[in-house]
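Q: Listed below are the residues making up each chain.
Protein chains: 2
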Amino acid sequence: MNDLFLKALRCENRSRAPIWLMRQAGRYMPQYRAIRAKHPFLDMVHDPELAAEVTMLPVKHLGVDAAILFSDILVIPEALRVGLHFDDGIGPIIDRPLQTAADIDALPKPDIKEALQYVAQAIRLLRPQLKVPLIGFCGAPFTVASYMIEGKSSKDLRTTKQWMMKDPKSFHTLLEKISRLTIDYLEMQIEAGVQAVQIFDSWANVLSHGQFREFSLTYFKMILEGIKSKNVPAILFCRGSSVFASQLAEIQPSAISVDWNADLMQMRKVIPRNIALQGNLDPDVLYAPYDLIKRETKALLKGMKGEPGYIFNLGHGLLPDIPYENVQALVDIVRQQ
Amino acid sequence: MNDLFLKALRCENRSRAPIWLMRQAGRYMPQYRAIRAKHPFLDMVHDPELAAEVTMLPVKHLGVDAAILFSDILVIPEALRVGLHFDDGIGPIIDRPLQTAADIDALPKPDIKEALQYVAQAIRLLRPQLKVPLIGFCGAPFTVASYMIEGKSSKDLRTTKQWMMKDPKSFHTLLEKISRLTIDYLEMQIEAGVQAVQIFDSWANVLSHGQFREFSLTYFKMILEGIKSKNVPAILFCRGSSVFASQLAEIQPSAISVDWNADLMQMRKVIPRNIALQGNLDPDVLYAPYDLIKRETKALLKGMKGEPGYIFNLGHGLLPDIPYENVQALVDIVRQQ
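Which chain is which? The protein sequence lines are A and B, in order.
First residue of the first sequence: 1397, per the working numbering; consecutive thereafter.
First residue of the second sequence: 1397, per the working numbering; consecutive thereafter.
Please note that the accuracy of each hint is not assured.
As the list makes no split between identical chains, a pair holds if one copy fits it or if it spans any two.
Pairs of lysine to aspartate or glutamate residues, derived as EDC-like cross-links and limited to a Cα-Cα distance of at most 20 Å, are as follows [said to hold, decoys possible]:
#1 K1551 / D1484
#2 K1624 / D1728
#3 K1626 / E1703
#4 K1562 / E1610
#5 K1665 / E1408
#6 K1701 / D1507
#7 K1617 / D1580
#8 K1690 / D1563
#9 K1434 / D1468
#10 K1565 / D1687
Calculated from the structure, these hints are not laboratory results.
Just need the whole structure built from these sequences, with the hints factored in.
A: This is the structure:
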């Protein structure tokens, strides 16, 4: 059993830094594309055997130090029956985005452990096969709420932010509903066998520090408290973690996953040493020639050398058109420290 | 003469905080739209009388404490004959984006003071009419270079970043060419009468801290040194200034204009007291009801109260669909401190 990742999460790793990559089971992999060619995306998410198979791909072919469950942050809105589907080239679409406070009140109250049982099944299939830890995940309430309001990806989340400012009360109601379901969902994942969880607030970067505290941090905290008794490490990620890191540290997650704007070595100086840091190579570096990938990766590893709470990752997810061989090269460089 | 703004830039303001707003002469103003209905955007930029008239609008109708020249950061690429035009609803389009290092070498060597003489004329028309200081401006070389490579607005600047990483040498050549022209351009603006300049790096937020140092900060520094003898205060703005502020402070600008992610009061603690801070209300607050605009504005003013080097502004430019009366309300709140 390779437990570098779990040791680093406890800030107790005395060996090389472990590596895994956000969106490591994704379209940049030829093996993924071969499966995806035969199945719509959501079918892959819903089918425990397919989800488990896809989860294993980067472990088998790249040799990363942790697996992350293949799924999507929008399975909770799907369970809330807002009409989720994926359009190739566009991404997620929600057919019935929330438009009024009454829409929030009218949301169904699903038994999330029943509705998302397929996720638990995938986890149970995976654990016996894995020799590295398995990470579960979910979307952060702010990001999930934003999707439910915008209905699709949005550059500036104008509709969400206007709602948030004009009617903060109903927005909080929505965030709280999502948070409660998310706690149930993470509990289910942990009971099924995940050994760590990561919460993704992909869209937090549109927020001011005050808005982040009120509408994002509050619910990160509620979730951390909700799953505390399960004793599984939790990693917080947001776009904007460079700016919001000191707020995130206040609520004492196991780790903070940092976007690529910040200097991780500088950040290590301000984040308490009992919180691990994860990140933060610019994913665009993976389009560059090998020498640059090697130089940037080595520089990051050198800067974090000897750091018992460091996990190598990107500052954001892998993109579909990143050359596969460059990702393989990256993993090899980190493993050969 | 209202010199609150210039005093604040020297960190010597003992009165209320001055206010001006990025993109204050813009489409959110009915008076602007009336002029714009009669003239294409670039004609307004090229015509000194129209540019001066538009520059005056927010001074006359809103009562801001500084005027900023009505122009565009892309006038330098235009002088480099890359085929600039503006499409309504899309924004700037460059017909012949740079594609190879040879394209950079083949760029013409315009006499920028001659090519952009219309800007100097607008400044000379404006100064006698103004009872507040006049700000000149330019794009930062990284942002201008990105437009010249992408050819239009881009979410992630993938093409630019790939060029930057695959062929940093030619990218530096481009940044240096733009920087030299920019120095000439700012000198011309200063000689014509602007009393401060602001350099806009609107797209710097896609960069990592190391990339920012190499490809953005280097050229900010070259420009500051190039205009130093003119003794006019310079303000640096970038998306990402929350993260890059300590790097910006190293090169000692007169002021740093901060995006809305950061807590300005926290930032004041780490930025030396001889550098003024400008910002940083979230522009989206201006879509909110009056009470929220008032609360957020008062909170920011209270936090920066007694600060001799503080200029009230937004964290980014005003957007076309922001209600005009909300901007008026904002200016009134700040002026009635």
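Q: Hints broken by the structure, by number, lowest first?
A: Numbers 2, 3 and 6, in rising order.
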